[in-house]
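All chains should be built: construct the whole structure from the sequences, respecting the hints.
Chains as they are written, first to last, in my numbering: chain X, 1 to 270; chain U, 271 to 453.
Hints listed in this document are in silico derivations from the structure and should not be mistaken for laboratory results. Keep in mind that a hint or two might mislead.
As the list claims (entries may be wrong) - Stretches of chain X that chain U covers, calculated by requiring three or more beta carbons in the stretch to come under 8 Å of a beta carbon on chain U:
#1 40-53
#2 134-146
Said to hold, decoys possible - Computed cross-link-like contacts, DSS-like style, restricted to lysine-lysine with a CA-CA straight-line distance of at most 25 Å:
#3 Lys-94/X <-> Lys-309/U
#4 Lys-317/U <-> Lys-94/X
#5 Lys-151/X <-> Lys-308/U
Since we're looking at a predicted model, the values are computed, not measured. Note that beta-carbon positions come from the ideal geometry of N, C-alpha and C, so glycine has one too.
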Amino acid sequence: MTAFALPMASNDGGFVPPTISDTHLPDVLPWMTEYGTGLGKQMIMVILSVVLIAWFFKAAIRNPKLVPGRVQFFAEGFYSFARNTVGRDIMGEKNFRPWVPLLFSVFLFVLLNNIFGAIPFLQMPSFSHAGSAYAIALIIYFTWIGVGVQKHGIRYFKLAVVPTGVPGWILPLLVPLEIISNFIVRPLTHSLRLMATMLAGHMIVVLAGSGAQYLIMEQDSILLNATGVGVIAGSVAMYFLELLIMVLQAFVFTLLTAIYIQGSLEADAH
Amino acid sequence: MVTAAVILASEGANPLLPNWWEVLVTAVAFAVLLFVVKKFIAPTFEKTYTDRVEAIEGGIEKAEEAQAEANALLEQYKAQLMDARTEANSIRETARSEGAQILADLKAKAAEESARITAQAQVQIEAERVAAVNSLRSEVGTLATSLASKIVGEALNDDARSNRVVERFLADLENQSNAGVSK
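Here's what the structure looks like:
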């Protein structure tokens with residue numbers, strides 16, 4: 001009965017659900033606020049991720065051995081995943097080599113920033129902020145367009161939007177669709193897929209946290225306090241689901257990067 | 271309440287509107303990461319990878335080489351063993367035939383020797399017989415003469431006569447023996 005009473009309790013004005021804005025923490029340097037930099041936890045984590053990735057992989061292969069040690073083996077696992085599973089399998093033996101550093105960087109950058117959401121105290125995926133997702137998706141957007149133009153010249157735009165092997169009368173219908181799909185929708189989905197999954201996961205954590213806090217700290221009934229413990233237990237399950245999604249989205253983001261670049265390289269092949 | 275303060279502090283609640291500083295920071299951070307990876311990390315990984323492939327392939331090649339060498343040696347040893355066997359057989363054959371030859375030679379030599387010894391013995395026997403006959407002849411003559419002189423009682427001092435008598439006696443003896451033989 002108490003559980004059904006919960007919504008009524010919140011209607012009473014006691015519980016304020018957390019909003020998106022709660023994911024934007026106050027500035028770390030308060031005197032910078034007037035410049036609107038928003039230099040906060042999120043930006044520091046982005047920078048931290050770069051330092052961590054560069055430091056770890058540099059250290060792991062400082063003294064590379066043919067028979068790898070434990071750390072080197074671990075590091076090589078990431079590298080060969082980006083190199084072989086994503087790069088070589090998607091882009092093909094002929095093209096993938098120059099793109100391995102980019103794919104590796106994208107994968108590790110997104111992965112670590114996502115995993116930040118599962119680490120206590122950090123507990124926030126950097127890409128739950130749209131700005132970061134837009135930034136990296138834009139870099140990749142310009143990269144694959146640049147690759148297409150470099151490889152095929154200005155003809156690339158025609159190759160990208162005019163499908164071959166379709167009857168001429170359907171082209172007026174198809175070309176605008178291709179333009180929208182390739183050059184407008186693609187970067188948006190690329191970035192928003194990442195941002196939305198991370199934000200949703202983060203909101204669940206925030207909601208569970210504030211809900212549990214409200215139920216345990218601000219309710220007098222012992223039964224309501226007990227449901228607060230139930231919320232925490234449920235959030236542990238969500239935590240592991242979220243962990244899976246974090247890794248999966250990093251993989252998907254890298255995979256799409258490889259597919260887009262591959263599409264530009266071989267724009268004349270289809 | 272803390273949450274209310276945060277809502278007031280933040281600019282807007284639309285999650286799709288970016289903070290442009292975040293865009294900038296992320297882009298620059300990613301560029302730095304990409305640079306570091308491209309410059310320092312990826313080449314080392316690639317080099318390690320290539321070295322490993324080379325080491326493995328080199329090891330396989332080396333093993334194959336050793337295998338081929340061992341096979342060649344084995345063939346060589348087999349051939350040598352075959353040669354040795356043939357040679358031993360031929361040596362055995364030669365020895366056998368030589369042995370037979372030597373045996374035959376020895377047999378021939380022994381036969382020759384025995385023939386020679388036999389011949390020599392016969393010659394000696396013949397000579398001894400002749401000597402015996404001669405000495406018998408003179409001794410029988412003397413004995414017979416002295417016997418006869420004793421029997422007759424008359425000294426047969428006359429050599430001519432005694433010789434004659436002996437001759438006659440012997441001739442008689444021979445005649446008798448011849449008659450005995452012819453009989």
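Structure-based check of each hint:
1. 40-53: This one holds; 7 residues, not fewer than the three required, reach chain U with a Cβ under 8 Å.
2. 134-146: Holds: 5 residues of the region 134-146 of chain X have a Cβ under 8 Å from chain U.
3. Lys-94/X <-> Lys-309/U: Measuring from Cα to Cα gives roughly 22 Å; hence the hint holds.
4. Lys-317/U <-> Lys-94/X: Given pair Lys-317/U, Lys-94/X holds - Cα atoms ~18 Å apart, limit 25 Å.
5. Lys-151/X <-> Lys-308/U: Measuring from Cα to Cα gives roughly 21 Å; hence the hint holds.
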